[in-house]
Amino acid sequence: MGGEAKAGGLDTKLDNRSATDGARGSARARLILLVLVVLLAPAALFRSAFSKTPFDGSNVPKLRAEAPDFVFIGDSMLESRLDEAVFERLTGRRAFVIAENGSASARWWLAFKNQVVAAGVRPQRVFLFFRDRQWSWPEYRTGSQYRESLEAAAQATEPELDQVLGRSRSGVRARVDAALDRVYPIRLGQAEALERLDERALHWTPGFRQAKSQTRKAIEASFDIKRLRKDVGTEMATDDGPQSRAFDPDPAESFLPHLADVARQHNLQLCLVRVKRRPNRPDNVRYDRADLEPYVTSLREWTLAQGIGFHDFTRDPVITLSMYADGDHIAAEARAEWTRHFVEVMGTSLR
Amino acid sequence: MIFHSFDFLVFFALVLVLYWRLPHRSQNLFLIGSSWFFYGYVHWWFLAPLAFTAGMDYLVARGIERWPKHKTPLLCLSLCASLGLLGFFKYYNFFADNFSVAFRSLGLEVSDLTLQIFLPVGISFYTFQSIGYVVDVHRGKARAVRSFSDYLLYSAFFPQLVAGPIERSTHLLPQIQQARHLDWDGARGAVLLILWGFFKKLVIADNVAVTANRVFALEQPAFPVLWAGVFAFAVQIFADFSAYTDIARGSARLLGFDLMENFRHPYLARSPQEFWQRWHISLSTWFRDYVYIPLGGSRAGPGRVVFNLLFTFLLSGLWHGASWNYVLWGLWYGVLVVIYRAASAVVPKRVSESRWLAFPRWLLMFTLILIGWLLFRETQTAQLVRYLTLDPFAAKGSDWTVGGYLFNSVLLISLPIWIHHLAGCLPAATWPRIETARPLPAYVAQVIAGVAMFTGILVLRSRVTSDFIYFQF
Numbered sequence: 072m073g074g075e076a077k078a079g080g081l082d083t084k085l086d087n088r089s090a091t092d093g094a095r096g097s098a099r100a101r102l103i104l105l106v107l108v109v110l111l112a113p114a115a116l117f118r119s120a121f122s123k124t125p126f127d128g129s130n131v132p133k134l135r136a137e138a139p140d141f142v143f144i145g146d147s148m149l150e151s152r153l154d155e156a157v158f159e160r161l162t163g164r165r166a167f168v169i170a171e172n173g174s175a176s177a178r179w180w181l182a183f184k185n186q187v188v189a190a191g192v193r194p195q196r197v198f199l200f201f202r203d204r205q206w207s208w209p210e211y212r213t214g215s216q217y218r219e220s221l222e223a224a225a226q227a228t229e230p231e232l233d234q235v236l237g238r239s240r241s242g243v244r245a246r247v248d249a250a251l252d253r254v255y256p257i258r259l260g261q262a263e264a265l266e267r268l269d270e271r272a273l274h275w276t277p278g279f280r281q282a283k284s285q286t287r288k289a290i291e292a293s294f295d296i297k298r299l300r301k302d303v304g305t306e307m308a309t310d311d312g313p314q315s316r317a318f319d320p321d322p323a324e325s326f327l328p329h330l331a332d333v334a335r336q337h338n339l340q341l342c343l344v345r346v347k348r349r350p351n352r353p354d355n356v357r358y359d360r361a362d363l364e365p366y367v368t369s370l371r372e373w374t375l376a377q378g379i380g381f382h383d384f385t386r387d388p389v390i391t392l393s394m395y396a397d398g399d400h401i402a403a404e405a406r407a408e409w410t411r412h413f414v415e416v417m418g419t420s421l422r
Numbered sequence: 186m187i188f189h190s191f192d193f194l195v196f197f198a199l200v201l202v203l204y205w206r207l208p209h210r211s212q213n214l215f216l217i218g219s220s221w222f223f224y225g226y227v228h229w230w231f232l233a234p235l236a237f238t239a240g241m242d243y244l245v246a247r248g249i250e251r252w253p254k255h256k257t258p259l260l261c262l263s264l265c266a267s268l269g270l271l272g273f274f275k276y277y278n279f280f281a282d283n284f285s286v287a288f289r290s291l292g293l294e295v296s297d298l299t300l301q302i303f304l305p306v307g308i309s310f311y312t313f314q315s316i317g318y319v320v321d322v323h324r325g326k327a328r329a330v331r332s333f334s335d336y337l338l339y340s341a342f343f344p345q346l347v348a349g350p351i352e353r354s355t356h357l358l359p360q361i362q363q364a365r366h367l368d369w370d371g372a373r374g375a376v377l378l379i380l381w382g383f384f385k386k387l388v389i390a391d392n393v394a395v396t397a398n399r400v401f402a403l404e405q406p407a408f409p410v411l412w413a414g415v416f417a418f419a420v421q422i423f424a425d426f427s428a429y430t431d432i433a434r435g436s437a438r439l440l441g442f443d444l445m446e447n448f449r450h451p452y453l454a455r456s457p458q459e460f461w462q463r464w465h466i467s468l469s470t471w472f473r474d475y476v477y478i479p480l481g482g483s484r485a486g487p488g489r490v491v492f493n494l495l496f497t498f499l500l501s502g503l504w505h506g507a508s509w510n511y512v513l514w515g516l517w518y519g520v521l522v523v524i525y526r527a528a529s530a531v532v533p534k535r536v537s538e539s540r541w542l543a544f545p546r547w548l549l550m551f552t553l554i555l556i557g558w559l560l561f562r563e564t565q566t567a568q569l570v571r572y573l574t575l576d577p578f579a580a581k582g583s584d585w586t587v588g589g590y591l592f593n594s595v596l597l598i599s600l601p602i603w604i605h606h607l608a609g610c611l612p613a614a615t616w617p618r619i620e621t622a623r624p625l626p627a628y629v630a631q632v633i634a635g636v637a638m639f640t641g642i643l644v645l646r647s648r649v650t651s652d653f654i655y656f657q658f
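Residue numbers (the working numbering), protein chains in the order written: chain A, 72 to 422; chain B, 186 to 658.
So here's chain A without its partners, still in its complex pose (with noise of 0.2 Å):
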C-alpha cells in the first residue's frame, strides 16, 4: 500500500513535471513564433511597395539642345546667387544651371556624371558651388526625404556612390544597414510616410481646406529664420558634419576624386565655388570655426594640384549681410547684383 501511494506520489510528480515542460515548450514556441512573425510580417507584407526612383535624364538632351559655354552645379546657394539671364548678358555666352534645392555633393557627382558627361557637352568650364566641409560630408543629404533625389539622378548601378557612400565597404554597419533595406524596402519609405502624416495633419487644420496656400505661408512664416532666438541662430549657423582638419583625397571619403577623375577622362575644366555663409559679424565677416581655415587650405591646394580652379568668396567684402534673404541664401533683390559681382571677379576664366 505504501509502496502504491509512493509510486502514485511518484507518477504524480512526473506527471506535474511533464505537464510544466509542455507548458513551458508551447509558451518558447510561443515566442518563437511572436518573433518570428514581428520580424518577417513587414519583409513579406511590403516587399514591392518601395522600389528605386527611375532615373530622370530630362537635361540630358536639354544640355545637348542649348550646348552651353558654362554649366553651375549646386544646391539652392547657387540658385538663390546666379541669375542666368544677367550671367549670359554680361558675359555674351551661354549658361546651363543645375540647382537642386536640398543637394550636397553627392547628387552633384550624379549631376555631373550622368547628365553632363553623358550629355557629350563640352563647356568651357563646369563651376559647382559649395560650403565649407562638403566635399569631406558625402553622406550629407543622401537620406530620408533626399532618398528620391538621389535615386532618380542615379543609374542603376553606381559603383562609385556605393564606395563613397559605404554601401559597399566591408564595415559591418554598413552591411546591416544596406541588408536591412533589402530585406525591409518599406524602411525607404519613411520621407514618404512622414510627409503624409504632416499632411493629414494640415488637413485636419481649421481653415485649410479653405486657403491652402495661405495657412502653408502662414507655417513657413511663423518658423522664419529672422524670427529665431539669437542663441539658436548661432548655433545653426556653426559648421555641421564631420569636423576633419583637412581634406582626405581617398576615393573613398569623398565624391571629389571622382569628379577630377572623369572631368580628365573627358577634357573637362572644373572650377569649385565656395560661397560666402550669412555674414555673423557686424562688419559683414562671416566668423567660423578655426579649423575650418586649415581646411580650406588643404581642400584648395589638392584641387589645384589636380588642375580644378578654385575661388573663395568667404572673405569677399562687397558681399554684405543687406544682401542676404533667410540663412545663407541670398535675397531675390541681391540676385543681379551678385551675379555682375561674381563676373567680375572670375574675369578672363569666363571668356
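Read the hints as simulated data drawn from the structure, not as lab findings. All clues given are correct.
Incomplete in silico selection of chain B near chain A, CB under 7 Å:
(1) Phe191
(2) Ala402
(3) Val587
(4) Tyr590
(5) Leu643
List of simulated lysine-lysine pairs, DSSO-like, C-alpha gap at most 27 Å:
(6) Lys123(A) with Lys133(A)
(7) Lys326(B) with Lys254(B)
(8) Lys283(A) with Lys581(B)
(9) Lys256(B) with Lys326(B)
(10) Lys288(A) with Lys581(B)
Here a beta-carbon is modelled for each residue, glycine too, at the ideal position from N, C-alpha and C.
Keeping the supplied structure of chain A fixed, place chain B upon it in accordance with the hints.
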C-alpha cells in the same frame, strides 16, 4: 552605450545568449562585466565615480551592521561622500555661478569660479539607489550584503543604470542573490515591452521633438504656437522617458529580473498627488521614503507639512538639474500639492469625486502639467517670463491656424500613447483576465501589436534621433 543603437542590439543579443548558459554565480559576475562595459563604452572614466560610490557604500553598510553604535556617523560619511561626488559633478558650476553673481551684485569683484566639468551620465540615478540601500541598512530594513560582487551588480545593473528605475535594495538585491529562471510567457511580454519602448522613442518622442524644438527656438512665438510646442514637449518627455523605462524593464525581464514600474498613465492624473503617483514613480517614492517621511511627513502640524512638501518638491526639482527652472518646476508641484490638499479639506468628497467633475478636473490638471513642462523646458528665466506673459488675445488668426496645425501633427503621431492611456482607464486586471479566458485571441492581438510597432519603427522613425532626455540628469 545607448539603447537605440546598433551597438546595444549586438551587445544585448550576445549578453543574452551567453548569460543563460552560465550558472547563477557566474551569471552575476558576467553581468557586472557586461554592465561596466556598457557604462564605460564611450568614456571609461565614467566607471571611476561608479566604482567609488559602490565600494564606499558596500563598506559603510557592512560597518553599520558590525558597529551599530557608530551607525549614524557612518551613514553621514556615506551621504557626504555620495552627495559630495554628485554635488561636484552636477551642482558645482551652478552654485559657483550664482555665488559670483551674488557677490558682483554687492559690488565685489570675483574671478570666474566655474570649471569645465563633464557630467557622468546616470550619476543621479545610481547615487540615489546607493543612498537608499545605506539608509535601509541604517534603519534595519535591509541586511548589509556580504558578497561584494552582489553589491557591484546592484549598483551597476546595466538595464537601469543610466536612467532608472531607481531600484530599492529590498526589491533588487534578493533577485541578485537568488537563482533566476527564464519565464517564457514573461519573455513574450518583455519582447513586446521593448518594442513598445523603441516605438515610443524612435517614432513618437523623436518626431514630436522636432516640433517642440522648432517652437522653443522662436524668439517670440504667438500664444497658440507656444502652447502647441509645450504640448509637443509634454508628449516628447513622456514618450522618451517611459520608453527608456520600458526598454530597461523588458531587457531586465529577459535576464530574469523584475524592475519596478515607473509610469502609470501619468496624463490621466486629476490632481498633482495623483500625477506623482503615476510619473517617475521610483523617484517620487524615493523622495517620499527618504526625505518627506523623515522630515515628519503629513503627521506634523499644518505649517510643518507645508514646509515638508515644498522642501521635498524643491529637492526633487533640483535633482533634475542644476538650473533655476528645475527648482521652479519642483516648487510649482509643491505649491500645487499644498493648494489641492487645502482644497480637499474644504470641498466635500462627494463633490470633488463626483463623476461629473472628472473631466473638468482632468482638464485642469493637464493644463497645470503643461505649465509645469514649460517651466521644465525653458532654462532662461527672461524668456520664461516672456512666455508666461504672452497675451492670447494678441494672437492673429494665422497664429491660431499654425498652432492648430502643430497640435494636430503632435496628436496624430502620438495617437498610440493616448490610446494606451485610455486603456489605463480600465481596471488593472482586465488584460490578465482576457489572457486567461481567451488565450488565442489575446495572443493574436499581441502578435498584431508587435507587427504594427515594428512596422511603425521601420517606416515612421524620425529623421532626427536624439539622446534620451533623462540622460542629462
